[in-house]
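> Following the hints, complete the assembly by docking chain B onto the known chain A.
Read off the chains here:
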Amino acid sequence: MRTTDALPGWMSEEPYGLYDQLRESGDVIWDDSTASWLVTTYTGCKEMLAADDVVYRSPEIDPALAEMFLAIHGGGRVLTLLRDEEHLRIHRWWMQIFSPKAILRWRDDLLRPMVAGRLDDIEPRGRADLEADLADELPIRTIAAILGLPWEDDDWIGQVRSLMAELAPFFGQRPWPLASAHEKALAASMQLNDVFLPFVRERRLGTGDDLISRTWREGSDLLADWDEMDVLSTVRLMFLGGTETTKMSMVGMFYLLMTVDGMQDRLKEANEAVRKRYVEEALRLRGPLHVRPRFANRDTTLCGKHIKKDDVLYGFLASADRDPVSFDDPGEIRLDRAAPRGHLAFSFGPRTCVGAALARAELLEAVDAVVHRLPNLRPDPDAEQPSMFGSTTKSIRPLHAIWDPR
Amino acid sequence: MTVDWLALQAFPERCIGTGTCVELAPLYFDQREDDGTVVLRAAHVKHEDADDVERAVDSCPVFALSLARRDGDSL
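Chain order of the listed sequences is A and B. Residue numbering for the first sequence is 1 to 406, as defined by my numbering. Residue numbering for the second sequence is 1 to 75, as defined by my numbering.
Chain A on its own, in the form it takes in the complex (with noise of 0.2 Å):
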């Protein structure tokens, strides 16, 4: 069934005021316009979510595209493609990896010395496209350092980046691409394989200190069969889900910073307990995670409306974290909430993101350092004003920006 090629332009561009009309018609209301239930709510998209792989399913892909859907997400395995035991061994796997505890180190090595040489650039200008010149830069070179990586190189990580924004329509428009995206992203997809494999051979002993190497290591105790095809697609998918949802996460929090008052100099103030809960509540109100499609395994009963085996589903999740029932003051920040992580911003169930700590440090690294560092930073009128792009993932550009000298 293809009902989405509707999906995005069915979904106006600055969705939030649609996702208030739409919560105050049900928690779980059906569309004719796209053939499928509508999941508005807080409780409906949690108790969908959390009912993942079981209850319900992630799209399938269509047999007849399963080779190439393969090939453009590098030729192996991959997380998100598989399913039941090898998913939840995976999945651990990289829940390992990214771990509270273990991106520890990669918070005073990494990120915090790499958000500092950024802005080192970029402070005494006095200006700055704070998308391309700062969220645009910080995702991708941690990717790329962690993986052992030339993430200091800078026409390298301009070669990924481009290669990766060629990609993008393909995986920007869930559950079904486009076909007219295809071509182009399978292009990308094996220019990129010729980027990354030469690292993914060089490190075949597995004896290195990253991550790279760390897959080889302990891929094949995970799949069978564990091969360089699956080292590169698992390559291809930290820089995928490393990337863009996190710069995108980034761009959201400095645009509440620079137009909320007073909300700068709070957090110039607070410790950082208070700051983590600013980037909670920026994730809350402008993650990019807006839609996750899914599917009926068999029939169910969701939030009181009976839902038939094969039905589709579309959670909304960033109506969900504006659900007034479940958050007090949904379209404020409040840095006092009981549960300051309960948004779905990294979505939830055995399918949450893996990479959710990481992006939170960097998230938290970034906020520090800018409102430390940027002072009394605001949109310039001067330049183009954001505004927002995307479909079942959102996000605004460009985030113009000025600031006073320190």
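Keep in mind the hints are simulated off the structure, nothing from the lab. Where is the CB? At the ideal position from N, CA and C, for every residue including glycine. Just so you know, not all the hints are guaranteed correct.
Only some residues are given here: those of chain A computed to face chain B with a beta carbon under 7 Å [as the list claims (entries may be wrong)]:
hint, residue
1, H91
2, R92
3, M95
4, Q96
5, S99
6, P100
7, A339
8, R341
9, F348
10, G349
11, P350
12, T352
Chain B in isolation, oriented as in the chain A frame:
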């Protein structure tokens, strides 16, 4: 004397190893070295820690933790 207390329980077979509980309430949770799944460091929760533990339990994305109030003199 009757004492109310909070009983903490973990279901490691459900755990996917996010480590969120360890971050939010490290006195009560740890992770196994080999697969990252949850290990309880204590099963009885002190009242002064109840908020932190409750937050950790609520944050678990796969409901691998539970916290229940018990009435009685078991302590």
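> A separate judgement is required for each hint: does it hold in the structure or not?
Comparing the hints with the structure gives:
1. Look at A/H91: its Cβ gets to within about 6 Å of chain B, closer than 7 Å, so that hint holds up.
2. Checking A/R92 against chain B by beta carbon gives a least distance of about 5 Å; that is within 7 Å, so the hint holds.
3. For the restraint placing A/M95 at the interface with chain B, the shortest Cβ-Cβ distance is roughly 4 Å, inside the 7 Å limit, so the hint holds.
4. For A/Q96, the suggested interface contact is upheld, since its CB lies about 4 Å from the closest CB of chain B, less than 7 Å.
5. Hint status for A/S99: holds, given a least beta-carbon distance of 4 Å to chain B, under 7 Å.
6. With 7 Å as the threshold, the beta carbon of A/P100 comes within range of chain B, its nearest partner Cβ sitting at about 4 Å, so the hint holds.
7. Annotation: interface hint on A/A339 holds; nearest CB of chain B at approximately 6 Å, less than 7 Å.
8. With a least beta-carbon distance of about 5 Å to chain B, the hint placing A/R341 at the interface is held under the 7 Å criterion.
9. At its closest, the beta carbon of A/F348 sits 5 Å from a beta carbon of chain B; the interface hint therefore holds under the 7 Å criterion.
10. Among the interface hints, the one on A/G349 holds; its C-beta lies about 5 Å from the nearest C-beta in chain B, closer than the 7 Å criterion.
11. Because the beta carbon of A/P350 sits about 6 Å from the nearest beta carbon in chain B, less than 7 Å, this interface hint is met.
12. Taking 7 Å as the C-beta contact cut-off toward chain B, the hint placing A/T352 at the interface holds, the least distance being around 4 Å.
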